[in-house]
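Please arrange chains A, B and L on chain H, whose structure you already have, making use of the hints.
Chains as they are written, first to last, in this note's numbering: chain H, 1 to 363; chain A, 364 to 726; chain B, 727 to 1089; chain L, 1090 to 1452.
For the record, the hints were derived by calculation from the structure and aren't laboratory data. Backbone N, C-alpha and C define an ideal beta-carbon position, used for all residues, glycine too. Among the clues, some could well be false.
As the list claims (entries may be wrong) - In the DMTMM-like style, the derived pairs of lysine to aspartate or glutamate whose C-alpha atoms are separated by at most 25 Å in a straight line are: (1) Lys1304/L - Glu30/H; (2) Lys1304/L - Glu53/H; (3) Lys368/A - Glu479/A; (4) Lys1304/L - Glu779/B; (5) Lys1294/L - Glu30/H; (6) Lys568/A - Glu701/A; (7) Lys1094/L - Asp345/H; (8) Lys1094/L - Glu1205/L; (9) Lys941/B - Glu398/A; (10) Lys205/H - Glu1119/L; (11) Lys1304/L - Glu1360/L.
As the list claims (entries may be wrong) - Cβ pair distances, simulated, as ranges: (12) Glu338/H - Gln783/B: 53 to 63 Å; (13) Ala309/H - Val1169/L: 54 to 64 Å; (14) Glu338/H - Ala1184/L: 33 to 43 Å; (15) Pro1428/L - Ala938/B: 46 to 56 Å; (16) Arg74/H - Arg536/A: 35 to 45 Å; (17) Ala1301/L - Arg4/H: 20 to 30 Å; (18) Asp319/H - Arg1147/L: 31 to 41 Å; (19) Arg1147/L - Arg786/B: 49 to 59 Å; (20) Arg74/H - Ile1048/B: 43 to 53 Å; (21) Arg536/A - Arg786/B: 29 to 39 Å.
Number of protein chains: 4
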Amino acid sequence: MHVRKVGILTGGGDCPGLNAVIRAVVTRAEQLGIEVLGVRGGWRGFLENDTEELSRQRTRGILDAGGTILGTTRTNPFQVKGGPERVEAAFSAWALDGLIAVGGEGTLSLATKFHERGLRVVGVPKTIDNDLSGTEVTFGFDTAISVATEAIDRLRTTAEAHERVMVVEVMGRNAGWIAVQAGLAGGADVIAIPERPTTVDDICKVVLTRRAEGKTFSIVVIAEGALVQERGASEAHLVVSNKSPDAFGRPRLGGVGAYVAREIEELTGIESRVTVLGHVQRGGTPTARDRVLALRYGVKAIETIAEGASGVMMALRADEIIAVPLVDATRERKLVDEPWIRLCDVFTDVLWAKRRTSPPTST
Amino acid sequence: MHVRKVGILTGGGDCPGLNAVIRAVVTRAEQLGIEVLGVRGGWRGFLENDTEELSRQRTRGILDAGGTILGTTRTNPFQVKGGPERVEAAFSAWALDGLIAVGGEGTLSLATKFHERGLRVVGVPKTIDNDLSGTEVTFGFDTAISVATEAIDRLRTTAEAHERVMVVEVMGRNAGWIAVQAGLAGGADVIAIPERPTTVDDICKVVLTRRAEGKTFSIVVIAEGALVQERGASEAHLVVSNKSPDAFGRPRLGGVGAYVAREIEELTGIESRVTVLGHVQRGGTPTARDRVLALRYGVKAIETIAEGASGVMMALRADEIIAVPLVDATRERKLVDEPWIRLCDVFTDVLWAKRRTSPPTST
Amino acid sequence: MHVRKVGILTGGGDCPGLNAVIRAVVTRAEQLGIEVLGVRGGWRGFLENDTEELSRQRTRGILDAGGTILGTTRTNPFQVKGGPERVEAAFSAWALDGLIAVGGEGTLSLATKFHERGLRVVGVPKTIDNDLSGTEVTFGFDTAISVATEAIDRLRTTAEAHERVMVVEVMGRNAGWIAVQAGLAGGADVIAIPERPTTVDDICKVVLTRRAEGKTFSIVVIAEGALVQERGASEAHLVVSNKSPDAFGRPRLGGVGAYVAREIEELTGIESRVTVLGHVQRGGTPTARDRVLALRYGVKAIETIAEGASGVMMALRADEIIAVPLVDATRERKLVDEPWIRLCDVFTDVLWAKRRTSPPTST
Amino acid sequence: MHVRKVGILTGGGDCPGLNAVIRAVVTRAEQLGIEVLGVRGGWRGFLENDTEELSRQRTRGILDAGGTILGTTRTNPFQVKGGPERVEAAFSAWALDGLIAVGGEGTLSLATKFHERGLRVVGVPKTIDNDLSGTEVTFGFDTAISVATEAIDRLRTTAEAHERVMVVEVMGRNAGWIAVQAGLAGGADVIAIPERPTTVDDICKVVLTRRAEGKTFSIVVIAEGALVQERGASEAHLVVSNKSPDAFGRPRLGGVGAYVAREIEELTGIESRVTVLGHVQRGGTPTARDRVLALRYGVKAIETIAEGASGVMMALRADEIIAVPLVDATRERKLVDEPWIRLCDVFTDVLWAKRRTSPPTST
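With the rest of the complex left out, here is chain H (with noise of 0.2 Å):
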């Protein structure tokens, strides 16, 4: 069959990269002689007919660009009365003979979903968590941690000029991958993570035990979605979340990050002071690597369409873009493993000091 429409879409958290991606799948399929049609807002286009179409003109300047031109939603037509149907109605309306969808564990289930029930659909992945199985890296993560790099480089001056500690609570939810890689990058002295539960008091002695080394100052990177066990607190009901409600049942003010800074300062009696990096991690212009890797995703998506492929993700595997079954992305979330941790155990100070004489790591 030959493929002459196809179309594309950005859903799930923003990231970047996503507009080469976009820039990469026209330029290309203008070249094959396929039409690219943007839906906007993610899934919601397909509910609402919302498009545009994308020429080259439209994609001109956008590479280096943060955000999508396309917009981005969490909509899930599944969730929606007649969604799906909808959405097989309007793929065939637009005359669409396949659809890239660009988008994290949500947008690739769904992407699944509809290929399952006879779209053709190829996946792109992107997370700036790095969370996604099926793929060495996805874009987007490189910026991420190059942002969150350089506030730890600034943090690391002044932590120095006042013997304070500097506690920074960079993105993550469920995968420390932001924490582990940056915090090795900046020279941290404690990385707290999902994976591995730790509490506040360890925290406390890394830096004591510092202090008393003559070091007096510490860094301390955390993962927003990192489980630390309150003072007092059993095992069992452990962790402060920036999703756990206040005693009045609101969101609290603060998240993981300020509270630690609060305790360490408490116990300790060291000045402490927080940096809460946020969506600064996920906006602006892409690093040239994921640059790269957007491009290489975008040419090798529309190419895998326009061979009559589907249900595919495209995969940085071994330097080389591949096309692996969308069901390996989304079947299990890639969380930081044994030889990251034993990495960490190398480079940050005191906390798993035990581990330190383990075996020869193999990452």
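Just chains A, B and L, lined up with the frame of chain H:
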């Protein structure tokens, strides 16, 4: 009198450019045949006899380094029994002919007192907040607005892609200079500062009016010391500050930024996120402008003391570094004034709409 | 007279901050009830009737963009037959009540002439070289020194690791401001500028003296218009410029930077490398400071013209934007003066060693 | 055999991330109970007995520093009388149980030879050019493309404002990886590399075709080793290299970038400017990615040597650090291959237009 040996200390909060000042003092001093003694940890060094000799060798490679090689504290000798006398004794024991005190309001007030007690002291103004009177600008401020503006640039694209409100809390406890200049440079839609109390309702009005006009996102820049009236509160006991205690008398988690973001989301139903930049604004390598300014201050300070002056502070006026009376610098805080507030009125949306047609500014 | 419609053009070399000026003019004009007509390609737009209406919608998102949405040329209507009359005719045909001319020496000279012929014209100074008199600083300059300083920062580490000489050629055809300020900020060992002729031999002397003192590398910053006497040449016909032709009458490949690097290597035997930054210094996103400065210029320009003034230029003096006579700006070029040259003498090595013990500067 | 003491050297060209490798080796070695001896200036240190003991204290604060605290040279002991024997004698005199050689093709070839002569040697690959086979990527490369891409970003806006051609010469004497990836990331219109000879005429054709299509500017990215046929020259004796002498047998001023810019201007009449980035690409602070990569290489190298291995090099494959035979790394240079050239064909204009409709790439 011939000046043979001069002390230098850095006091108060950390600030990008401190090392550039130290390097400039040492470099020029050597040419003038003057020895330089570094007093460590601000005024604390006098009380604890904590010093180091500073040579050009020692100050190589520090021009672009954040922090201060001398360390800094907020120690006030006048709050220590016999403190002032001990400072004078050390001054004399070390055979100092003069002292260069680099610091903000606190440090310069102490410098003034010691000058009045007979020591030869020259001040160099330093605050990232830019709220010292007597000088057009202080070094460190340009780095702070540069870091904050970069963050806002990144947030704008993601705010647009997601149709969200992004709240950025920047430094500025008593003066809103960082919020104003980074807000203007970053194209903020709301700028809230200590000098001009506002309300959560007014901020929400901006957000909603923008939405009604088809502008689907908003950027809200808030100084950490901004006065924001809580909903329901009477004018009288307004303000949410990040210093006010919570119901249990403990410091609140999260500051005014986190509070405002939560309120906007509750009141408007539009997703809102917060970034708290914290000490990222005062750490790390200084901008080119701050380095040049710091070098000029340093050279002028040692030359001024070499000429036998005392009780003066270096100041930038009309692009020249001159010496002004120390008392001028600390007499009153330099607040955001009318011309700058009118400039905010021009570029921020709606909030002060009624003032928009006011007579031309003279900024 | 009531001002209803104002034209704006950008002329001469590109400069970061032009779009911020345009945005400010349009934003404030709307509040004052004034229409803004963009004249495209500098004065060329008048001759070719090339314009576009500027609305706030059109100027959204350009605050941090380099370049100018109006384009720019060096077209001089006085060198075109009937040119001045055609400009006046267009001015009248478009029903303009005034014109804001944003540009450097060339553009502002033309603005002066048209003012003298009876048009209402207000100038906004623009040059990355900072060589316009009448104002303390022009926007774009801060971005230029910021880019150049970052480059020097990177070169220093590699120069040190390799024990090499790194030559950086920066912009500045007639004035050495970028070389001086970026050189000071980057810790250069030699700074060569148009205002102060030097010789290849003197530069090599610095490099060799440093080596003798155990400093194994050197950073040489050279303005593109620096006057450097060739070896063997008499004072009379000195200079290697990047404009002088080679033996075949064609423009030489490589400028003064490439020449000096080759000579240093030949004369001292020390490996030397050259970086020619070129237009990287004048492109791309402006610094926070340049954006704020540009916004202030833009607001003041439209307010000044709204008040009926003409023949004036916006200027920064003592941290205020004021209007000064246009003729002041173009009467003479602002060159690097004694206080700044003495500052260079303090921080650059050896070259002007004899001046080191000179009386205190008053920078 | 128990490993008690290991030497480390850095050889060949400078590269961002060298200090991160050194820090990682020292940190992990301490945990494994191994002493580390730094050999200064590459293999020169062996010949001149120039070493320093490396402690964690010595390697504090170097993670984000460019250059190498050990210095680097291109000294080849096999070109020195009795050189290899002197290296072996020093190895033995210093009681080394192994050596970690961090370097590019040259250094690793020497490492292989010493391994074959019986020393225990492990290699860590390093080259900003990314042209070492055996590993997917080398640290330093990401920093290089990041710096080059930032420069291209800045040039694009000014090229557009002025309707000019901007030529950027980037590093890459034998392989075009930096030109390809920075060119793709920066949206270049022409990418010229050593692997694919081109002509001045072809480049001008791109520029003119773009202009005919209404695209008034062009970005040309050229590797310093790009093969560009001079006008009039037959295929046989093509190329302008920055190493070929001028008519007087002296090295030419200006490289291929300056040459191409001049030719474009002459042939098309469109103003063209050149930027020569030079060593800015290999100096300064490494990107987050390069730091993490360097840390992983360092940890793996010391663990590998602790296990008694020799003759192997650390390599990144499928996101894991593994040990591969040293000879694999230096057997052949990794050149830009077909998938990447096809990717360039997709995004660069016109030049290789005929290939555009070629079968899908598999990058």
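Determine which of the earlier numbered hints do not hold for this structure and return their numbers in increasing order. none
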